[in-house]
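J.: Just so you know, the sequence shown maps onto residues 0 to 204 in numbering that gives the first Met the number 0.
Errors might be hidden in some of the hints.
Stated by the list, open to error - Restraint-style ranges between C-beta atoms, simulated for each label pair: (1) Gly10 x Asp90: 20 to 28 angstroms; (2) Asn155 x Asn78: 25 to 33 angstroms; (3) Trp144 x Glu94: 14 to 22 angstroms; (4) Gln32 x Gly99: 34 to 42 angstroms; (5) Leu15 x Leu115: 32 to 40 angstroms; (6) Arg152 x Phe52: 43 to 51 angstroms; (7) Glu62 x Ala142: 37 to 45 angstroms; (8) Gln167 x Ser51: 20 to 28 angstroms; (9) Ala14 x Leu115: 19 to 27 angstroms; (10) Arg112 x Ser153: 39 to 47 angstroms; (11) Glu11 x Gly99: 18 to 26 angstroms; (12) Pro54 x Trp144: 20 to 28 angstroms.
If you are wondering where the hints come from, they were derived from the structure by calculation, not from laboratory data. Quick reminder that beta carbons are idealized off the backbone N, C-alpha and C, glycines included.
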Amino acid sequence: MKLIVISAGMGEQSALVVRQIAQALEVTGPSVQVETVALKDYVPDLMSALTSFAPERLLGLFERVAQADGVVVHTSIMNASFAGLLKVFLDVLPEGTLAGAPVLMLGTGGTQRHSLALDYALRPVLSYLKAQVLPTTVFVATADWGGRGDAVRSVNERVTEAARELVQAAGGAAKAPEAVADREAAAGPMGNFDVSDITARLKRL
0 MKLIVISAGM GEQSALVVRQ IAQALEVTGP SVQVETVALK DYVPDLMSAL TSFAPERLLG
60 LFERVAQADG VVVHTSIMNA SFAGLLKVFL DVLPEGTLAG APVLMLGTGG TQRHSLALDY
120 ALRPVLSYLK AQVLPTTVFV ATADWGGRGD AVRSVNERVT EAARELVQAA GGAAKAPEAV
180 ADREAAAGPM GNFDVSDITA RLKRL
(Lines of atoms letter the chains of each structure in order from A and count residues from 1; the text may use other names and numbers.)
(Lines give C-alpha, C1' and ligand atoms only; values in the text may rest on other atoms or scores of the structure.)
Protein backbone atom coordinates (compact mmCIF):
# COMPACT_ATOMS: atom_id res chain seq x y z
CA MET A 1 0.00 0.00 0.00
CA LYS A 2 1.40 3.39 -1.04
CA LEU A 3 0.45 6.47 0.95
CA ILE A 4 1.66 10.03 0.42
CA VAL A 5 1.63 12.96 2.86
CA ILE A 6 1.49 16.37 1.16
CA SER A 7 2.40 19.16 3.58
CA ALA A 8 1.85 22.87 3.10
CA GLY A 9 3.23 23.68 6.53
CA MET A 10 6.12 25.96 7.34
CA GLY A 11 6.94 25.88 11.05
CA GLU A 12 8.15 23.33 13.57
CA GLN A 13 4.62 22.59 14.77
CA SER A 14 3.71 21.50 11.24
CA ALA A 15 6.84 19.36 10.99
CA LEU A 16 5.99 17.61 14.26
CA VAL A 17 2.45 16.75 13.18
CA VAL A 18 3.60 15.53 9.76
CA ARG A 19 6.19 13.27 11.39
CA GLN A 20 3.54 11.91 13.74
CA ILE A 21 1.06 11.07 10.99
CA ALA A 22 3.80 9.44 8.87
CA GLN A 23 4.91 7.29 11.81
CA ALA A 24 1.33 6.38 12.69
CA LEU A 25 0.70 5.27 9.10
CA GLU A 26 3.90 3.22 8.92
CA VAL A 27 3.15 1.20 12.06
CA THR A 28 -0.28 0.12 10.82
CA GLY A 29 1.30 -2.69 8.81
CA PRO A 30 4.54 -3.93 7.22
CA SER A 31 3.14 -3.46 3.71
CA VAL A 32 2.51 0.28 4.14
CA GLN A 33 4.92 2.62 2.36
CA VAL A 34 4.73 6.30 3.26
CA GLU A 35 6.24 9.21 1.36
CA THR A 36 6.29 12.70 2.86
CA VAL A 37 6.43 15.74 0.59
CA ALA A 38 7.00 19.32 1.77
CA LEU A 39 5.48 21.71 -0.77
CA LYS A 40 7.85 24.47 0.36
CA ASP A 41 10.58 22.50 -1.44
CA TYR A 42 8.60 22.81 -4.68
CA VAL A 43 7.91 26.56 -4.69
CA PRO A 44 9.91 27.35 -7.88
CA ASP A 45 8.33 24.37 -9.65
CA LEU A 46 4.81 25.39 -8.60
CA MET A 47 5.35 28.97 -9.77
CA SER A 48 6.61 27.69 -13.09
CA ALA A 49 3.57 25.44 -13.47
CA LEU A 50 1.25 28.32 -12.61
CA THR A 51 2.73 30.67 -15.19
CA SER A 52 4.02 28.45 -17.99
CA PHE A 53 4.73 24.72 -17.62
CA ALA A 54 5.28 22.08 -14.94
CA PRO A 55 8.94 21.05 -14.54
CA GLU A 56 9.82 17.36 -14.71
CA ARG A 57 10.31 17.20 -10.93
CA LEU A 58 6.74 18.40 -10.33
CA LEU A 59 5.34 16.06 -12.96
CA GLY A 60 6.93 13.21 -11.04
CA LEU A 61 5.14 14.31 -7.87
CA PHE A 62 1.82 14.47 -9.72
CA GLU A 63 2.35 10.92 -10.92
CA ARG A 64 3.16 9.65 -7.41
CA VAL A 65 0.00 11.28 -6.06
CA ALA A 66 -2.05 9.62 -8.81
CA GLN A 67 -0.52 6.23 -7.98
CA ALA A 68 -1.02 6.51 -4.20
CA ASP A 69 -3.68 4.41 -2.50
CA GLY A 70 -4.31 7.18 0.02
CA VAL A 71 -3.32 10.81 0.57
CA VAL A 72 -2.84 13.01 3.61
CA VAL A 73 -3.24 16.73 2.91
CA HIS A 74 -1.70 18.87 5.63
CA THR A 75 -1.89 22.64 5.85
CA SER A 76 -1.18 25.42 8.25
CA ILE A 77 -4.31 27.49 8.84
CA MET A 78 -3.73 31.15 8.00
CA ASN A 79 -6.38 33.89 8.19
CA ALA A 80 -9.07 31.26 8.78
CA SER A 81 -8.24 29.38 5.57
CA PHE A 82 -5.74 26.88 4.23
CA ALA A 83 -2.28 27.92 3.08
CA GLY A 84 -1.83 29.62 -0.28
CA LEU A 85 0.94 27.16 -1.08
CA LEU A 86 -1.58 24.32 -0.94
CA LYS A 87 -4.03 26.32 -3.08
CA VAL A 88 -1.39 26.71 -5.79
CA PHE A 89 -0.61 22.99 -5.67
CA LEU A 90 -4.28 22.06 -6.03
CA ASP A 91 -4.70 24.61 -8.82
CA VAL A 92 -1.96 23.07 -10.95
CA LEU A 93 -2.68 19.43 -10.05
CA PRO A 94 -3.90 17.70 -13.23
CA GLU A 95 -7.65 17.20 -13.23
CA GLY A 96 -8.66 13.74 -12.03
CA THR A 97 -5.48 13.06 -10.06
CA LEU A 98 -7.37 12.83 -6.75
CA ALA A 99 -10.59 11.38 -8.14
CA GLY A 100 -11.75 8.58 -5.85
CA ALA A 101 -8.63 8.75 -3.68
CA PRO A 102 -9.13 8.50 0.11
CA VAL A 103 -7.88 11.81 1.54
CA LEU A 104 -7.28 12.71 5.18
CA MET A 105 -7.25 16.41 6.07
CA LEU A 106 -4.71 17.49 8.70
CA GLY A 107 -4.30 21.05 9.96
CA THR A 108 -2.18 23.05 12.39
CA GLY A 109 -2.72 26.52 13.78
CA GLY A 110 -2.25 28.81 16.71
CA THR A 111 -5.72 28.40 18.20
CA GLN A 112 -8.64 25.97 18.17
CA ARG A 113 -10.82 28.79 16.83
CA HIS A 114 -9.47 27.93 13.38
CA SER A 115 -10.27 24.20 13.62
CA LEU A 116 -13.36 24.41 11.38
CA ALA A 117 -11.36 25.94 8.51
CA LEU A 118 -10.54 22.45 7.27
CA ASP A 119 -14.23 21.65 6.81
CA TYR A 120 -15.54 24.93 5.44
CA ALA A 121 -12.51 25.97 3.35
CA LEU A 122 -10.53 22.88 2.30
CA ARG A 123 -13.15 20.11 2.18
CA PRO A 124 -15.21 21.76 -0.62
CA VAL A 125 -12.10 22.13 -2.80
CA LEU A 126 -11.05 18.50 -2.34
CA SER A 127 -14.63 17.37 -2.96
CA TYR A 128 -14.66 19.42 -6.17
CA LEU A 129 -11.55 17.50 -7.21
CA LYS A 130 -13.60 14.30 -6.62
CA ALA A 131 -11.45 13.05 -3.74
CA GLN A 132 -12.97 10.69 -1.18
CA VAL A 133 -12.48 13.02 1.78
CA LEU A 134 -12.61 11.17 5.10
CA PRO A 135 -15.12 12.43 7.68
CA THR A 136 -12.43 12.44 10.36
CA THR A 137 -10.09 15.44 10.42
CA VAL A 138 -7.22 16.31 12.74
CA PHE A 139 -6.53 19.89 13.78
CA VAL A 140 -3.68 20.59 16.21
CA ALA A 141 -3.41 23.94 17.95
CA THR A 142 -0.35 25.21 19.80
CA ALA A 143 -2.00 24.58 23.17
CA ASP A 144 -2.55 20.90 22.35
CA TRP A 145 1.15 20.16 22.70
CA GLY A 146 1.04 21.15 26.35
CA GLY A 147 -2.14 19.22 27.06
CA ARG A 148 -4.18 22.41 27.43
CA GLY A 149 -6.16 22.05 24.21
CA ASP A 150 -8.17 18.89 23.54
CA ALA A 151 -8.61 17.60 27.09
CA VAL A 152 -10.35 14.42 25.92
CA ARG A 153 -7.81 13.00 23.50
CA SER A 154 -4.12 13.73 23.01
CA VAL A 155 -2.56 14.67 19.69
CA ASN A 156 -1.09 11.20 19.41
CA GLU A 157 -4.46 9.51 19.99
CA ARG A 158 -6.21 11.65 17.39
CA VAL A 159 -3.45 11.17 14.82
CA THR A 160 -3.37 7.41 15.40
CA GLU A 161 -7.14 7.08 14.98
CA ALA A 162 -7.08 9.12 11.77
CA ALA A 163 -4.16 7.09 10.39
CA ARG A 164 -6.04 3.85 10.96
CA GLU A 165 -9.12 5.25 9.22
CA LEU A 166 -7.07 6.30 6.18
CA VAL A 167 -5.33 2.92 5.93
CA GLN A 168 -8.69 1.16 6.12
CA ALA A 169 -10.10 3.36 3.33
CA ALA A 170 -6.93 2.99 1.27
CA GLY A 171 -7.10 -0.78 1.67
CA GLY A 172 -10.49 -0.77 0.01
CA ALA A 173 -9.11 1.38 -2.80
CA ALA A 174 -6.11 -0.93 -3.22
CA LYS A 175 -8.46 -3.88 -3.78
CA ALA A 176 -9.75 -2.08 -6.85
CA PRO A 177 -6.59 -1.34 -8.87
CA GLU A 178 -8.72 -0.03 -11.72
CA ALA A 179 -9.49 2.99 -9.53
CA VAL A 180 -5.85 4.07 -9.56
CA ALA A 181 -5.67 3.39 -13.29
CA ASP A 182 -8.71 5.60 -13.81
CA ARG A 183 -7.06 8.40 -11.82
CA GLU A 184 -3.86 8.13 -13.86
CA ALA A 185 -5.87 8.17 -17.08
CA ALA A 186 -7.98 11.11 -15.90
CA ALA A 187 -4.83 13.04 -15.08
CA GLY A 188 -3.87 12.68 -18.74
CA PRO A 189 -0.39 12.61 -20.25
CA MET A 190 1.84 14.45 -17.79
CA GLY A 191 4.00 15.75 -20.59
CA ASN A 192 1.04 17.67 -22.06
CA PHE A 193 0.44 19.68 -18.91
CA ASP A 194 0.37 23.40 -19.73
CA VAL A 195 -0.94 26.74 -18.57
CA SER A 196 -4.08 26.62 -20.73
CA ASP A 197 -5.28 23.66 -18.68
CA ILE A 198 -4.66 25.61 -15.46
CA THR A 199 -6.52 28.68 -16.74
CA ALA A 200 -9.55 26.62 -17.76
CA ARG A 201 -9.76 24.96 -14.34
CA LEU A 202 -9.30 28.21 -12.45
CA LYS A 203 -12.29 29.70 -14.28
CA ARG A 204 -14.43 26.81 -13.06
CA LEU A 205 -13.51 27.41 -9.38
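J.: Starting from the range 20 to 28 angstroms, see whether the pair Gly10 and Asp90 falls in it by beta-carbon distance.
T.: Taking Cβ atoms as reference, Gly10 and Asp90 lie about 23 angstroms apart, which means the hint holds.
J.: Would you say the C-beta atoms of Leu15 and Leu115 sit inside 32 to 40 angstroms of each other?
T.: violated (22 angstroms)
J.: Glu11 and Gly99, beta-carbon distance inside 18 to 26 angstroms?
T.: violated (34 angstroms)
J.: Could one say that the CB atoms of Gln32 and Gly99 fall in the range 34 to 42 angstroms?
T.: Given range 34 to 42 angstroms: violated, Cβ gap about 20 angstroms.
J.: For the hint 19 to 27 angstroms, verify it against the beta carbon of Ala14 and that of Leu115.
T.: holds (24 angstroms)
J.: Is 14 to 22 angstroms a correct range for the gap between the Cβ atoms of Trp144 and Glu94?
T.: The hinted range 14 to 22 angstroms is violated for Trp144 and Glu94, with Cβ atoms some 38 angstroms apart.
J.: Within 20 to 28 angstroms or not, the Cβ separation of Pro54 and Trp144?
T.: violated (36 angstroms)
J.: Given the hint of 20 to 28 angstroms, is the C-beta distance from Gln167 to Ser51 inside that range or not?
T.: Distance hint for Gln167, Ser51 is violated at roughly 41 angstroms.
J.: Against the range 43 to 51 angstroms, how does the distance between the Cβ atoms of Arg152 and Phe52 compare: consistent or not?
T.: Holds, at about 45 angstroms.
J.: Does the beta carbon distance between Asn155 and Asn78 stay inside 25 to 33 angstroms, or does it fall outside?
T.: Once the Cβ atoms are compared, 28 angstroms apart, the range 25 to 33 angstroms for Asn78 and Asn155 holds.
J.: Is the gap between the beta carbons of Arg112 and Ser153 within 39 to 47 angstroms?
T.: The hinted range 39 to 47 angstroms is violated for Arg112 and Ser153, with Cβ atoms some 20 angstroms apart.
J.: The hint says 37 to 45 angstroms between Glu62 and Ala142; measuring C-beta to C-beta, is that right?
T.: holds (39 angstroms)
Hint compliance for this structure: hints 3, 4, 5, 8, 10, 11, 12 are broken, all remaining hints hold.
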